[in-house]
Every structure is written in structure tokens, then in C-alpha cells.
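Protein chains in written order, with the numbering used here: chain S, 1 to 383; chain F, 1 to 383.
The set of hints was computed from the structure by calculation and includes no laboratory data. Values in this document were obtained by computation on a predicted structure and should not be read as measured data. C-beta: ideal position from N, C-alpha, C; glycine also. Check the hints yourself; a few may be wrong.
Claimed, not checked - Computed from the model, here is a short list of chain F residues facing chain S with C-beta under 7 Å:
1) A54
2) P79
3) H241
4) N307
5) E335
6) A339
Number of protein chains: 2
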Amino acid sequence: MPLQFTLEKALKDEHGVSRARAATLVLPGKEGLGPHVVKTPMFMPVGTQGTVKAVATKELEAMGARIVLGNTYHLYLRPGHARVERLGELHKFMNWKGPLLTDSGGFQVFSLAGLNKIDDEGVTFQSHIDGSYHRFTPELSMEIQRGLGSDIVMAFDQCPPFPATEAQVESAMNRTRQWAERGLKVELKPHQNRFGIFQGGLYPRLRERSAREITELPFDGFAIGGLSIGETPDMMQKMAHFSAPLLPEDKPRYLMGVGRPEDLVEGVRAGIDLFDCVMPTRNARNGQLFTSEGKVNIKNARYQDDNAPLDPRCDCETCTQYSRAYLRHLYVCGEALSARLNSIHNLTYYIRIMTEMRQAILENRFDDWRETFYTLRNAKKPE
Amino acid sequence: MPLQFTLEKALKDEHGVSRARAATLVLPGKEGLGPHVVKTPMFMPVGTQGTVKAVATKELEAMGARIVLGNTYHLYLRPGHARVERLGELHKFMNWKGPLLTDSGGFQVFSLAGLNKIDDEGVTFQSHIDGSYHRFTPELSMEIQRGLGSDIVMAFDQCPPFPATEAQVESAMNRTRQWAERGLKVELKPHQNRFGIFQGGLYPRLRERSAREITELPFDGFAIGGLSIGETPDMMQKMAHFSAPLLPEDKPRYLMGVGRPEDLVEGVRAGIDLFDCVMPTRNARNGQLFTSEGKVNIKNARYQDDNAPLDPRCDCETCTQYSRAYLRHLYVCGEALSARLNSIHNLTYYIRIMTEMRQAILENRFDDWRETFYTLRNAKKPE
Numbered sequence: 001m002p003l004q005f006t007l008e009k010a011l012k013d014e015h016g017v018s019r020a021r022a023a024t025l026v027l028p029g030k031e032g033l034g035p036h037v038v039k040t041p042m043f044m045p046v047g048t049q050g051t052v053k054a055v056a057t058k059e060l061e062a063m064g065a066r067i068v069l070g071n072t073y074h075l076y077l078r079p080g081h082a083r084v085e086r087l088g089e090l091h092k093f094m095n096w097k098g099p100l101l102t103d104s105g106g107f108q109v110f111s112l113a114g115l116n117k118i119d120d121e122g123v124t125f126q127s128h129i130d131g132s133y134h135r136f137t138p139e140l141s142m143e144i145q146r147g148l149g150s151d152i153v154m155a156f157d158q159c160p161p162f163p164a165t166e167a168q169v170e171s172a173m174n175r176t177r178q179w180a181e182r183g184l185k186v187e188l189k190p191h192q193n194r195f196g197i198f199q200g201g202l203y204p205r206l207r208e209r210s211a212r213e214i215t216e217l218p219f220d221g222f223a224i225g226g227l228s229i230g231e232t233p234d235m236m237q238k239m240a241h242f243s244a245p246l247l248p249e250d251k252p253r254y255l256m257g258v259g260r261p262e263d264l265v266e267g268v269r270a271g272i273d274l275f276d277c278v279m280p281t282r283n284a285r286n287g288q289l290f291t292s293e294g295k296v297n298i299k300n301a302r303y304q305d306d307n308a309p310l311d312p313r314c315d316c317e318t319c320t321q322y323s324r325a326y327l328r329h330l331y332v333c334g335e336a337l338s339a340r341l342n343s344i345h346n347l348t349y350y351i352r353i354m355t356e357m358r359q360a361i362l363e364n365r366f367d368d369w370r371e372t373f374y375t376l377r378n379a380k381k382p383e
Numbered sequence: 001m002p003l004q005f006t007l008e009k010a011l012k013d014e015h016g017v018s019r020a021r022a023a024t025l026v027l028p029g030k031e032g033l034g035p036h037v038v039k040t041p042m043f044m045p046v047g048t049q050g051t052v053k054a055v056a057t058k059e060l061e062a063m064g065a066r067i068v069l070g071n072t073y074h075l076y077l078r079p080g081h082a083r084v085e086r087l088g089e090l091h092k093f094m095n096w097k098g099p100l101l102t103d104s105g106g107f108q109v110f111s112l113a114g115l116n117k118i119d120d121e122g123v124t125f126q127s128h129i130d131g132s133y134h135r136f137t138p139e140l141s142m143e144i145q146r147g148l149g150s151d152i153v154m155a156f157d158q159c160p161p162f163p164a165t166e167a168q169v170e171s172a173m174n175r176t177r178q179w180a181e182r183g184l185k186v187e188l189k190p191h192q193n194r195f196g197i198f199q200g201g202l203y204p205r206l207r208e209r210s211a212r213e214i215t216e217l218p219f220d221g222f223a224i225g226g227l228s229i230g231e232t233p234d235m236m237q238k239m240a241h242f243s244a245p246l247l248p249e250d251k252p253r254y255l256m257g258v259g260r261p262e263d264l265v266e267g268v269r270a271g272i273d274l275f276d277c278v279m280p281t282r283n284a285r286n287g288q289l290f291t292s293e294g295k296v297n298i299k300n301a302r303y304q305d306d307n308a309p310l311d312p313r314c315d316c317e318t319c320t321q322y323s324r325a326y327l328r329h330l331y332v333c334g335e336a337l338s339a340r341l342n343s344i345h346n347l348t349y350y351i352r353i354m355t356e357m358r359q360a361i362l363e364n365r366f367d368d369w370r371e372t373f374y375t376l377r378n379a380k381k382p383e
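Pulled out of the complex, with its shape left as it was, chain S reads as follows:
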């Protein structure tokens, strides 16, 4: 059953190009769980190993998270996709009733695994856990994601590193197209939808060609891959801005692995619907918190006597029930509650800015919202 994607509003930029948009994504869902409604733009918390680190699924629900990401590479290695399938698939395993998107495993194979060797057929790599050898192909990636039972299945792509020569990027891009076609031949479960990924690095010419090649294929949505991998935020934002209009207007657009709050704002402005990033949870564990007034490094001694809430504009559990002084104490003591309260806040913050942007788009005041966003943070907004 295909997803339904209904644009509610699309703002045009000064050149008449359709940009920031609000839409409703309806995924059919597994029997007993679906259909799932996801209002976009939306941020997807990352549940790498079948859990969004330090956060329970009921907390994700409470903060308004409506779709969560799972990692094919990690779940393939532990506990194994066949096991997850036997245990009732990933939704049941991790106790998440909303929709799940699984990545293809490609990115982790290139970035996280030990030595990897790519050929036209697939990628051989060593597990980062025990050094054992494994091989991913576009077909196996589909089979793993089929076993996990996610609602959105990502195509297996080759993400070239940054920096890379034009020839390297072009080669990865060509392979990405071939792998996309091969993956499409693997049958999935009735409730599963597929997103294609296009590459092209920071080369506009290649981005254009890759987008054309991938959007010609029968995917239900499209992702911009190969960004947020080491280039500057400015380069990333510019390429996202260039890339978004290359994708069909009537299908969901997903900017993979992005990013900082300001990157989400600029991504939405460019016309992106979906985002994912480990930053809110990873930074939370390092004591770096995102607030309406900018970053707070909670380990700083200045907070040790600060009885104020972390973010006075936030209604999350962390901000309504605990002080900065307590959050600092937990962090300094290495207490488990630290990662949890910090993660809940950071994710709540990410989801709230998405919700606010959506509302602003619907009410035709996105530029004003964006202005306030940068003013409150005392930061310069990008051109």
C-alpha cells in the first residue's frame, strides 16, 4: 500500500521556486498499528540499536515524535534482523507503535565499520564490534529492512566521503543508481514504502544528474544523501537549497543526517520535509543542550547555583521539573539520569522547532519565525 503525501501549503521564494512546505504524510502501517499520520516538516529521533539512547518510547510519544529511525547496520549485527523478525519485527521489539524508517546500512558500512571494500556487487566490511567479516548488497539491505518490518525502507546507496574528487563522486553516484534499481526488484512487505537516495556530493552538475536518475525510479519518497559528512554548515546548507527543488513536489523529501537546529531551519526553508540526526541525543550525553536562547554547556561551573529551568520557553519534563543546578550535578556525577533528562530536552526542542515551523508555514509567517529564531539566539541568519 503506497503512502499518501498531501501538501497543505508550499511557500515560494523570491524567484518563484516552491520552498518551505507543510504536508501530511500518511503511512499505511502494519496491521493493528497503522495508518500513521506524520505532519511535516518533522524531525525523526535516531534509535540506532532499537532504542533512542536513554529515552523510552512513551517519552518520544509524549514529546510529539511521530516517526523514529532504526539503523540497519547495527540491528543486522545485533541482535540480527532474522531474530527481530521472529520476535515480531522492530515495532514490537522496541515497543514503538508509530512508524519507523530504517536506513540502508550503507552509511555505517562506509563510516563506522572497519576496513571495507566496495565493488559493483556490494560492500565487504568488518564489524566494528568483533571484527568479523560481512557483506552487504543492495538485495541484502532490502531483505534486512524487510525483516525489521520498518514503514519506510531506504535504498542502499554509496555515499562518497568528503572531500572527494568529481570522478569519485560520479562513480559513487552511478553505482547508487544501479544499486537503487537492484533494490527495487526485491519484494517488500505490503505496508512498506521505499525512499530513493541521490548523491552528487557538492557538485551541482552531479546532483542534478543523480536527482534525475533516481527520481525516474518508482520510489515513494526521496532523500538527499551525502551531506553533513564533513563539509562546512554553509556548504551543506547551500547544497540542500540547491538540491530540494530537484525533487518532485508531490513526494516527501528527506535530508539525511542533518543537523544542528539552524540546519533544520535552513533545510525547511529549502523545502525539506524530514530530517534525522544523532546530534540532539549525542550532544545531550555530552552535556550540550539546545535552548531557545542558544547552546548551554551544562557542565559549566556557572550553572552550579542556577535554580532556573534549562530553557524557560520549554515545557518538557526536564525544564518543568529540574533546575540547571541539578542537571549540572547529574552530569558532573556521571548519573544515568543526566543523559536521559538532557536527551528528553534536546529532542523536545528539536521537535518543537519543527512544529513551530510547520505552524508558521501554514500561517504564512515562516520568514518572521525564522527572524525570531536567530534573534533569540543572538545569531546571524544565513543569506
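Place chain F on chain S using the hints.
Then chain F, alone, in the frame of chain S:
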């Protein structure tokens, strides 16, 4: 304002000695928080550094925890009792609205700190965090606990190690009495109540004398100290059984630092009202789970395909929402959710057996309940 302690039922053993009992403890509480009602027997989760490790206070409330323990030694070192007091005292700092008991810091000074030197005046010790030198006296212990604002303040005692000679234990016991008297001269806040601690190691003669000396002093409740410090469970249970009747019937009795589920059962049988122990939370973090059918070591490979709940008789979040296979996966992956879900279950289990014992006492069927407890676990019950 003194606490109120009302015996609801006290069962007599075969010699006519008053043993297992159900009571209601009412603590006046801080303004806006009290009065607090604690139905005993009850287990008190340990919130060492101002947090029960990996668990949020709303979860403690939901599982039926009605009184939580805070550690004077840890909170004195970090973040400092004066700071906690400035920030609104410990209840507010850690967001716990129920009553708090703070220990005296004595036990940690002897067991956890670096080199310590005891004299009649007090104890000089080195911080386990940075090696800095500090000195605790009975007076300072009271001042720290006054600053923290706990509802029950424990006397500063000297806990002799195990094993110790009779002379060593007697010396510690004498000092404990002197320190108890000195502590009583320090004024506390109006809502605070004081518990005395008696020592005497495994020497019945000394236990009798120490109990007599301490219970002559105007404390609001009494604790059995110096157990669960290395002696066998059998020795501990026997001494608890010997010690409980040495304490007044009309005041709460607290067995410090105990223990395993079966130790709680035997403690209640002996006539104890309150218990605390890090075991449910510490073991949870090591993957050792307590269930109605005995211990489960969740890291065991036998659970990797086990879709059953951890404990089919348990209604906690962990048992109703997750499988053993998932709990094993989280543990093996070192995920933060592992410690949390495991701790919630173990604490729920501890509190449930207390609640069940209380009900059984009230209904005059404690022996039957105890019989079933050991039968379900396939374990031999102590004489």
C-alpha cells in the same frame, strides 16, 4: 513535630515474642509537602547522589515507593549541603515530593573514602573523588542533614568492620553512644525526625547493651546498624532476629543496608519496618534481575530469543512492555535504557514483596505467604 507511628497488627512467634508487624508511619513533612504517610513494612530505594540511579522520581512514585534515602557523604562532597539548602533543600533539588531519609555519612566514610582516621571527636577522611581531606563529627553530620532538609535524620555512628574482635566492636559501640548524645544536642528543622543506630556486631551481649543505651535516648525511631557488611546471610538474619525485639515496639525499626529479597522476608518476619539497599539498582545495572521465580541473569544467551516478559507476575513498565530478548539486547549493547528498565523492575519487585507482606500480616497469613515465596523460587526457607 514528632512522627506518628501506629501499629496496625503485630504477629507473635511461637515463644510469644512480637514479630512481623504492619504499621502506619506519619511524618510531618516540610510545609507544602507533608504530612507523609508510609505504610510499613516498606523498602526505601537508595538515591545516593540525589537520584535513584537510572530512575526518575515519577517512576518511584508510580511503583509505590513512599520514602527514599539520600547519602550525606556523597551530597556533602557533591554538590555540597549548603548549596542544596540554598537551592531549596533536597526534596526540591531532586524533585521528590515524598519523605526522605538521609544516612549519617558514617558508613561511607569508613567503607568508601580513602584513608580515614577515627578519634573520639570524629573522623578525618579523604574524598573518594579527588583525595581532598575532610572531617566529619557527629555535629557536622547533623548540620549537613539539616541543610539537606531530610525528614528522617540518622545519628552519626561508628560501624566496626567485619570481622572485628569483641573489644573493637565494644569500642565502636561506646563511641556510637557518645556520638548519638552529641548529635542530639544539635537542633534540627521543625519537620525533621531523628533515628538512633545501635551497633554490637555479631556479639549478642554487645547488641543487648548497645540497644539499651541507644533506646534510652530520645530518638523517634531506631536502626540496627553494623549488619550486611560481609557476614553470611545466615549470620545477618540470625542477628536481625535477635536484635529486633531489643527495640521498642512503639517506634519504627530500620534494618540498614539489607538486602536480598529473602533477607527482607526474614527481616519482616523478625519485626523490622524499614529497609534500604543498593542491591535492586546495582544488580539491575549488572543485568541481575529479581523475579517471583528467582534470579534472572539477563545477559545469558538463553534469553536472546525469549519473547516472554521478564516476570509474568509483575505489572511494571518493563514486564508489561518489553520482552526478555529486548532486555538482553539492551544489556549486551550497553544501552542506557537497560539500566533504567532493569532498575524499574527490580525496585518494583522489592516494593511489591513489601506490600504483599504487609497485606499478609494484616490478614494473619504471613507464614503462608512466606511459604509460597520460597516455593515459587524453588528455594529452601531459613529456620
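We went through each hint and held it up to the structure:
Because the beta carbon of A54/F sits about 4 Å from the nearest beta carbon in chain S, less than 7 Å, this interface hint is met. At its closest, the beta carbon of P79/F sits 5 Å from a beta carbon of chain S; the interface hint therefore holds under the 7 Å criterion. The beta carbon of H241/F comes no nearer than 36 Å to any beta carbon in chain S, farther than 7 Å, and the hint placing it at the interface is violated. Interface restraint check: N307/F against chain S, minimum CB-CB distance 5 Å, threshold 7 Å, status holds.
The beta carbon of E335/F comes within 5 Å of a beta carbon in chain S, closer than 7 Å, and the hint placing it at the interface holds. The criterion of a C-beta within 7 Å of any C-beta in chain S is met by A339/F, whose closest approach is roughly 5 Å, and the hint holds.
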